[in-house]
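K.L.:
Once you've looked at the hints, dock chain B against the given chain A.
Number of protein chains: 2
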Amino acid sequence: MPELASVVNHQVRLASRPVGLPTRENWRFTEESVVDPGEGGVVVQALMLSLDPAMRGWMNEGRSYIAPVAIDEVMRAGGVGRVIVSNNAGFTIGDYVSAGLGVQEYCRLDAAALKRSGIVKIDTRVAPLEKWLNPLGMPGMTGYFGLLEVGQPKAGETVLVSGAAGAVGQMVGQVAKIMGCRAVGIAGGKDKCDYVVDELGFDACIDYKSGSVREGLKQHCASGVDVYFDNVGGEILDTVLARINRKARIVICGAISQYNATEAVAGPKNYLSLLVNRARMEGIVVFDWVERYPEAIRQIARWISEGKLRSREDIVEGGIAKFPEALNLLFSGGNFGKLVLRV
Amino acid sequence: MPELASVVNHQVRLASRPVGLPTRENWRFTEESVVDPGEGGVVVQALMLSLDPAMRGWMNEGRSYIAPVAIDEVMRAGGVGRVIVSNNAGFTIGDYVSAGLGVQEYCRLDAAALKRSGIVKIDTRVAPLEKWLNPLGMPGMTGYFGLLEVGQPKAGETVLVSGAAGAVGQMVGQVAKIMGCRAVGIAGGKDKCDYVVDELGFDACIDYKSGSVREGLKQHCASGVDVYFDNVGGEILDTVLARINRKARIVICGAISQYNATEAVAGPKNYLSLLVNRARMEGIVVFDWVERYPEAIRQIARWISEGKLRSREDIVEGGIAKFPEALNLLFSGGNFGKLVLRV
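Chain order of the listed sequences is A and B. When the letters of the first sequence are read in order and numbered with our numbering, they come out as residues 677 to 1019. When the letters of the second sequence are read in order and numbered with our numbering, they come out as residues 677 to 1019.
Same shape as in the complex, but just chain A (with noise of 0.2 angstroms):
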């Protein structure tokens, strides 16, 4: 690699708070040089980011389960690359790494931030680069625990899942499956439902842009869902708590369809279903189980190798130059299974 200095960095930084969709006028481009991360610090080379529906979040001002992403700061993201530079004996030039890397082409971690960074080392061996942002990295995390600490799953139960193709709706399903339950997932086009049918294996998919969810619904959870693994909030979320079943568990991953609403999120109408079913509505963040990622790794590697778990990512190429664009695709619904921009 060229001297380190000479190595200039393209980064992408929050430029305003949006107002709805989020636009091109809240992003700003800058350029840095890279300087050297000090005793214990390495520089990494970003060449995947993950693109998550949560990013939409962060760019909010006020109280979550996060700090918000501060004016002016690089845009927060989880990324895999390669060490380029390490002054420290965990890691080694060319290591490939998964960590917060920010939407940059280069990310300079000094001891103290690679800490914070939750940096691991990545084994290609097991599964390619982008798998690593996909199943065996957060979204695979989040859609493994939820669904099994927080939704709680037995054979022979009704799991249902929206956002099913994507990446956390993906691991959701195929997890369900193989706990025995029955899986239905409610996605947007044929494309997507068949995807998640053929390919995954899932015993339903309802299409919330073809159809009415009510029917499909009845048709495809005829018994009622036990377990119900919420991405998108909204109207859907109001249809399925009046399907739910006594002693339902309702995950609250995300809210997908509310994340740019310029007016009030609209509240589940139908909340006290919590109280006539003596159901429950849990939320999940996926950091709170940080401590048993690798475990979870070890599991979801081990299904993989065995057949029983199959994803999708779909790669925006172009670099950070794209991202502006590529992160607007999740709330069109326009990616189809993992959402990853290549840097």
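It is worth saying that the hints were derived from the structure and are not from the lab. Check before you lean on any hint, since a few could be wrong.
Which copy? The list can't say, so a pair holds if one copy fits it or any two copies do.
With a straight-line Cα cutoff of 25 angstroms, these simulated SDA-like cross-link-like pairs (lysine to any residue) come out [to be verified]:
1) Lys945 <-> Arg922
2) Lys945 <-> Gly696
3) Lys866 <-> Ala681
4) Lys830 <-> Ala765
5) Lys797 <-> Ala940
P.N.:
Just chain B now, with coordinates in the frame of chain A:
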């Protein structure tokens, strides 16, 4: 007592389903003579009937945790009374019992109905009759199991309860104190708030009629809310959602603010606080705990005898003719304590 056939039983039947607040037109007053209950049956003379917010739900059509009261059926109600005829070895004339008696003066229970009625003998040496409709009755059981089993309070946590001066709320706050929690109530009006703090020993009570619940929470739940026991729903639920702590538990027991709504129930707009805080919202239906009522009654009776648990009943005089107006006191907040109709 006079010859059974000469006893006139005055009854209140559901004449039509209310839209909004029930009116006199929704009720029909009937008279019947009382016939022998047959082998294994009893006749109970009602002395006091329990008036509960849940009754409003029973008047609606549609699927719920219990079948609706049918048109022309005697309105469902729990009550306490005295056995005046017994063809059942388990009951003697003069026994005091608690059972599903209906809004009527005499309840004839044949052997089959007896089983379904949830009849239990009550000991008026333990506590006077009205207490068996309050701390030792359904509201007491609701508060006890709802708080302890669903809310799972831990010593040092803050437990907030709405409808704090009501039958269930009284129990929740006092049990919270016994468990070593900080207990904060929400109630309507200074008298109720004073009672809750001065007589029941809550740490604080927020008057939703005279000030902002939001400000009250800032002041009295300065370190957030760990358990919220919700009897009211609506805006108050939303306001509390904005103040919950990580891993908070929200017990959904009722939503009295919404029971007479003629438009759709307003859903909790802040439900994504469950996600941010990895919190849980869960419904309680007291009937699920029926097998453990005896255990709870023993415990609550002990607390009463030790002076640790007080309760207040609001007894409406005038017999079942007063039922329509008496019931509506619940929805205007016109009662102060557990509402009871003396027959």
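K.L.:
Please go over all the hints and tell whether each is borne out by the structure.
P.N.:
Comparing the hints with the structure gives:
no. : hint              : result
1   : Lys945 <-> Arg922 : both (18 angstroms within a copy, 24 angstroms between copies)
2   : Lys945 <-> Gly696 : both (23 angstroms within a copy, 17 angstroms between copies)
3   : Lys866 <-> Ala681 : neither (50 angstroms within a copy, 70 angstroms between copies)
4   : Lys830 <-> Ala765 : neither (45 angstroms within a copy, 44 angstroms between copies)
5   : Lys797 <-> Ala940 : neither (41 angstroms within a copy, 52 angstroms between copies)
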